[in-house]
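K.L.:
Modelling step: build the complete structure from the supplied sequences, incorporating the hints.
Number of protein chains: 2
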Amino acid sequence: MLQQVNVGGSNGYPIFLNASLEGLGAYLEEKFGVKAHYLLITNNRVANLYAERVLKGLKEFRTDLITVPDSEEEKSLTTIARLTEEAVKFRTDRDSVVLALGGGVIGDLAGFFATIYYRGIRYIQIPTTLLAQVDSSIGGKVAVNHACGKNLLGAFSPPQAVWTDFSTLRTLPWSEIQNGLAETVKHAMVADPELFDFIESHADAIRNHDQDLLSRLAARSLAVKVKIVSEDEKEHGIRILLNLGHSFGHALETADSYKGISHGQGVSIGLAAAANLARDRGLLTEKELARIISLLDKLKLPRNIPPCAAKDLLSLMAADKKNKAGNKILVLPVGIGKSMVVTDCTDQEIMQAWEKVFK
Amino acid sequence: MLQQVNVGGSNGYPIFLNASLEGLGAYLEEKFGVKAHYLLITNNRVANLYAERVLKGLKEFRTDLITVPDSEEEKSLTTIARLTEEAVKFRTDRDSVVLALGGGVIGDLAGFFATIYYRGIRYIQIPTTLLAQVDSSIGGKVAVNHACGKNLLGAFSPPQAVWTDFSTLRTLPWSEIQNGLAETVKHAMVADPELFDFIESHADAIRNHDQDLLSRLAARSLAVKVKIVSEDEKEHGIRILLNLGHSFGHALETADSYKGISHGQGVSIGLAAAANLARDRGLLTEKELARIISLLDKLKLPRNIPPCAAKDLLSLMAADKKNKAGNKILVLPVGIGKSMVVTDCTDQEIMQAWEKVFK
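Chains U and C are the protein sequences, given in the same order. The letter at position 49 of the first sequence is residue 49 when you use this note's numbering, and the numbering goes up by one with no holes. The letter at position 69 of the second sequence is residue 69 when you use this note's numbering, and the numbering goes up by one with no holes.
Read the hints as simulated data drawn from the structure, not as lab findings. In this text, all values refer to a predicted model and were calculated from it rather than measured experimentally. Please note that a few of the clues may not be correct.
Since the list gives no way to pick one copy over another, a pair counts as held whenever it fits inside one copy or between any two copies.
Capping the alpha-carbon separation at 20 Å, the derived lysine-lysine pairs in PhoX-like fashion look like this [said to hold, decoys possible]:
1) Lys234 x Lys150
2) Lys328 x Lys35
3) Lys35 x Lys322
4) Lys300 x Lys359
5) Lys338 x Lys287
6) Lys89 x Lys328
7) Lys89 x Lys322
8) Lys356 x Lys300
P.N.:
Below is the structure:
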């Protein structure tokens with residue numbers, strides 16, 4: 001049954017859960033009337049799977065489809081320029097609405113495109129991966145990458161709505177499920193001990209891709225993010241807690257030695273590194289650390305990497321957007337289901353945490 | 001003496017007039033403290049003239065300078081990518097502040113860069129041309145161009161402050177003064193009959209580059225813009241009136257047949273075209289039209305162009321961002337010092353207006 005969760009803040013918007021791709025048209029008609037123009041942006045793979053289902057509900061409207069290749073490489077200014085060209089061809093104007101159908105890459109790319117095209121037009125997130133459903137479609141962060149860093153250029157730009165159809169999880173390969181699970185474990189570690197228990201007790205079913213369970217897990221997990229971003233729209237405060245595992249993870253994603261590591265894998269290993277650092281600081285007991293590591297294992301999420309020079313990883317962390325005035329800002333778990341910001345970690349401590357996750 | 005005008009709205013900010021470039025540092029120290037990092041972005045020509053004066057006041061702070069060539073071509077995604085690379089090298093972070101020193105191109109480019117770098121950092125406009133001082137530095141509109149259109153990608157993104165030193169007008173070539181004068185006449189025609197009188201009675205002094213008069217003119221002219229954008233931050237309402245002359249002007253700026261026409265020249269000819277259309281519709285008397293044309297002549301602003309196919313210009317107007325659902329939206333003068341939005345102009349009427357400004 002259709003369920004609605006509202007993101008609060010000065011630019012609040014609804015997230016619809018158990019929504020159907022075919023039903024989007026009816027919602028749009030009610031919200032924007034019959035005359036609006038829709039620009040559906042997706043990638044080739046998702047287009048093959050789902051574009052038809054969305055377009056079916058949009059038959060009555062002027063709708064144009066733009067597809068990009070299925071690749072993180074597309075999160076670039078080059079693709080923004082190409083989208084602009086096609087959007088102009090389709091006479092996309094200030095009253096048009098962008099529909100971002102896909103995972104995190106499409107959400108970030110199409111969302112950022114909508115944010116700057118004509119100085120900003122409206123857009124709707126239609127997340128089709130677990131990662132996008134529990135995390136990236138919520139909170140209005142959109143961006144493209146730059147050779148010097150991931151998500152370097154972007155905006156805080158809330159969508160008009162998020163339209164989530166969990167049935168898209170059925171076609172999702174395990175590697176993609178993994179990306180979402182890493183964020184789900186993160187949400188549990190950041191702020192929801194009961195979610196942590198839930199994942200622990202259903203790890204087998206989750207790993208077996210149990211559709212019903214994945215939906216329940218997603219709904220529970222995204223609620224953590226909704227709560228946090230509602231309180232802190234623009235990342236001036238507690239929202240930084242959602243960065244748990246990410247300072248480490250981003251370094252892995254950008255390191256030459258770990259080419260091909262996915263965002264979820266990076267986050268998962270990052271959670272293990274952060275947990276080790278937290279244990280060293282007395283924020284986690286040995287037992288709590290073991291519980292976290294064991295959960296990652298149960299979910300078949302990676303928690304270590306082949307050794308390299310910890311110093312190199314440390315210096316990649318220096319490029320983190322959250323750093324301030326040269327200080328590395330880290331989020332660390334405090335027991336299970338709580339977390340805190342730490343600004344006084346020494347390089348030595350961080351390198352030791354890296355070494356703990358070396359195989 | 002330093003004068004302050006405040007832009008209202010939910011993201012209000014101060015405009016400082018008669019400010020000195022050397023005095024900026026003291027203001028920044030008061031506003032952002034001593035620890036902030038500043039990224040001064042300007043072009044080669046302005047850097048030669050004024051960077052030293054600004055940097056003198058910033059001696060105590062960590063400040064880095066980035067210069068781009070002096071060209072409208074630099075308002076591009078390509079330059080945004082290059083600025084990003086340099087900003088990262090200079091360890092520009094979320095607490096850094098961009099200083100946009102220059103005319104409209106630099107303000108738009110550096111302002112847009114600040115708006116999307118790290119999902120948005122703070123910036124200050126330091127306009128050095130008449131156009132930037134009376135118009136483009138105010139109102140938070142920033143953008144880059146795209147092959148398919150001017151200012152196609154951008155944002156509404158208010159600066160932290162505008163720091164205006166009128167002494168920079170001294171070095172300004174006449175062609176640049178012209179760009180600003182066209183907007184000043186526009187402001188008078190849109191909403192300030194007394195400003196129109198003022199320009200009329202001081203046209204000679206203005207043309208002779210009288211420094212004191214230009215400052216008074218600029219202060220008066222920018223007040224019109226401040227009033228309008230304070231009421232309508234994101235161009236949902238009356239702000240569109242500032243588009244007077246621009247639908248025509250933009251077409252000229254993009255037309256192959258008129259390569260090299262400046263923004264101000266386009267606007268000036270656009271004002272003449274709009275005035276002719278207004279006369280045809282009975283919104284202006286013959287006498288009022290003559291008064292407008294005569295003022296343009298007195299200021300040595302162009303008001304006609306070599307003939308071409310009016311149809312081609314008409315079709316270029318179809319790409320205007322302000323158009324809605326295929327209707328051309330025009331702003332027309334109503335008497336002297338008033339204006340209105342007109343949505344029912346026929347293509348025939350618009351082509352006739354074009355023909356009236358053919359030499």
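K.L.:
With reference to the structure, classify each hint as holding or not holding.
P.N.:
Going down the list of hints, with the structure as the test:
1. Lys234 x Lys150: The answer is within: 18 Å in one copy meets 20 Å, while 29 Å across copies does not.
2. Lys328 x Lys35: between (50 Å within a copy, 17 Å between copies)
3. Lys35 x Lys322: The answer is between: 17 Å across copies meets 20 Å, while 42 Å in one copy does not.
4. Lys300 x Lys359: within (16 Å within a copy, 76 Å between copies)
5. Lys338 x Lys287: within (15 Å within a copy, 75 Å between copies)
6. Lys89 x Lys328: between (45 Å within a copy, 17 Å between copies)
7. Lys89 x Lys322: between (38 Å within a copy, 16 Å between copies)
8. Lys356 x Lys300: For Lys356 and Lys300, the Cα distance is within 20 Å only inside one copy (19 Å; across copies 74 Å).
Violated hints are absent here; each numbered hint is respected by the structure.
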